Amino acid sequence: MSLIKNNIIIRDSWNHLDDDTPLSAEGKVIVSLKRWQSERKLLMERQEPLGIRLKSAEGAEMISDDLAHFDLIALEFPIFKDGRSYSTARMLRERYHYKGELRAVGEVLRDQLQFMLRCGFDAFEYAGKTIPEEAISAFVEMDKFYQTVGDWGRT
Amino acid sequence: MYVYNLVDQSLVNQRVQQFRDQVRRRLSGELNEEEFKPLRLMNGLYLQLHAYMLRVAIPYGTLSSKQMRALAHIAVRYDKGYGHFTTRQNLQFNWPKLKETPDILADLADVQMHAFQTSGNCIRNVTADQYAGVAVEEIADPRITAEVVRQWSTLHPEFSFLPRKFKIAVTGSKRDRAAVRVHDIGLIIKINEAGEMGYEVIVGGGLGRTPIVGVTIREFLPQQFLLSYLESILRIYNQIGRRDNIYKARIKIVIHELGAKEFTRRVEKEWKTIRDTAIDLPVGEYERIRAFFAPLPYQSLPKNDAGFSHLEFENQDFSHWVRGNTLPHRQSGYSIANISLKPIGGIPGDASAKQMEVVADLAEKFSFGEIRVAHEQNLVLPHVKQTDLYSIWNTLKEHNLATPNLGLISDIIACPGMDYCSLATARSIPLAQDISNRFSNLRRQNDIGELSVNISGCINACGHHHVGHIGLLGVDRKGEEYYQVTIGGSADENASIGEIIGPAIPYDEVVDAIERVVETYVDLRAKNESFIDAYRRVGKQPFKENLYVTN
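Those sequence lines, one after another, are chains A and B.
In terms of our numbering, the first sequence has 73 at position 73, counting the first letter as 1, and numbering is strictly consecutive.
In terms of our numbering, the second sequence has 231 at position 76, counting the first letter as 1, and numbering is strictly consecutive.
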């Protein structure tokens, strides 16, 4: 898996934390919604950047009051055909004005990258077979669109 | 007609380039079929029984002569010299080679056409009344709305991976020729008391395994809010539509499970949140699109031309065609001329490259270069002078395009069925041909009057059998083709789903059975009572009794 951000491949400084892995004092971790809900206090006391991961069935409204606590939100694509996270992404950006990293995880393939980008994702855990350097070209395959989406205040 | 600007053109061109690269990656093995499938589907490419099939989008069924010629050219150069007009106003090529499909798309792009979203789980090519802008009783032209929807839905980043396909149809007329009540979203243009334009919004209609007439969730949506409202509906559907069962994934199931009231409440709530963001079209952009559909420079002509009336009087065949296949136009002295793609014994909706060229030439000479495709799988020359009808008819006749059977029993709607389709469980085309041959006598057809026969080769209902006055659904029974007969369906403003009238019957007995149903109607009808009206009066019983009688 490679992480694509801002059109380059970068080293991932975050860790996805399983629900049953104990929380350490240090390090940037991404936790599930379930863990956030059950260990909220503990996670907030920690002085480290926090990320949350939503399954495709978990909508933006489930965390909309808590956005200030997150530096990263990861939205899952359990299979590329499951398009629910596109809606979640737009709502986080456009309705709730979330400005932190919005990361696509799961079956994140080359030919979906531009749709994701346009919905407000800015980081991609690339799972395709093409070499990621080549996949980056997907972001610029098209530059003309009809919809006014993704206008979420990025300068 | 709408003409592409630089944005439209470069979007289409870029998409061709992108697809060329996707095909290259598929051919090199970098993409496997499963990964390639959604990509090709979003560009209209299916893998069928014998070959790939390319479904070209004809947005709201409007074509120019130039575009029709390009389709003819593609049929000759890349296919077997013909194409098939579909029940969604599109055109299918049945034999393209995968490696040539990018070239076909490039040829289409040259004439401002594409195959975007004619398949896949996305918002499909939008359809509309084929008589848009010319029907006498029209309230407002649906093409402007349809073009707005086309643009909005094209490569929509949020709605390209929906639970299932999503179809939108628009009509601007009281007479519904676009079957808006059996679409995922149907829009009926209305003018309110203040003289403002808006839409009745109907959601959740559809055919397939669970045929259902849609429900109105809003009586009047002001025109300027169209896109935010559509976006609200689609967002709710994208979030809660079922993804666990392909047969329960359409929006009609959401509405069924949630209830129309709760669904509407959610849509309205979402809409209130997004209606004042930048989703809706600026007035200027709407006006820009509207300008393309301004009335054409018609001549001022008398309502009835003496020479034309004389020709009609002199030539009975011509007169039959005029009465059967032409309709009055909004503009005095003009007609709407329908071109039947249902010659007796022919394949419904098929047109040869030569026929396409003939129609293109006729449109150029007599109809401001414009052609329409009807969802009944026929073509239309939308604006022809009465005085030109005779010469048009003569040309059509030479090319087997002048069958005067519009709306009659041989004007059969049929899907490609097992002759082409990988989903089909039975044949549709040969059955359509047999029925057409049985009722070949035009006098008899006219005596029977308006009667639609719709044939689907499987439960997916591409032949819209549920809404045929007589519907036939092909099913497989231990390797044999059987057909379930439904009666009383209708796709118009009084939309209804046909009733199954008994056990399915084998292929060889279908034509006789249809004939008995028709004779039952002829025997029991009141004066001037159509088949559907008679059915609605007497119910299915008399038809059922006679359907299964064998000699």
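These are computed hints drawn from the structure, not numbers from a lab.
This one's a predicted model, so the numbers in the text were calculated from it and none came from an experiment.
Among the hints, a few may not be true.
Calculated cross-link-like contacts (lysine-lysine; reagent style BS3-like; alpha-carbon spacing at most 25 Å) [unchecked claim]:
| hint | chain 1 | residue 1 | chain 2 | residue 2 |
| --- | --- | --- | --- | --- |
| 1 | B | Lys235 | B | Lys509 |
| 2 | B | Lys552 | B | Lys221 |
| 3 | A | Lys81 | B | Lys320 |
| 4 | A | Lys144 | B | Lys552 |
| 5 | B | Lys403 | B | Lys192 |
| 6 | B | Lys192 | B | Lys329 |
| 7 | A | Lys55 | B | Lys403 |
| 8 | A | Lys129 | B | Lys458 |
Subject >> Enumerated hints in conflict with the structure, sorted upward >> reply: Hints 4, 6 and 8 are the ones this structure does not satisfy, whereas the remaining hints hold.
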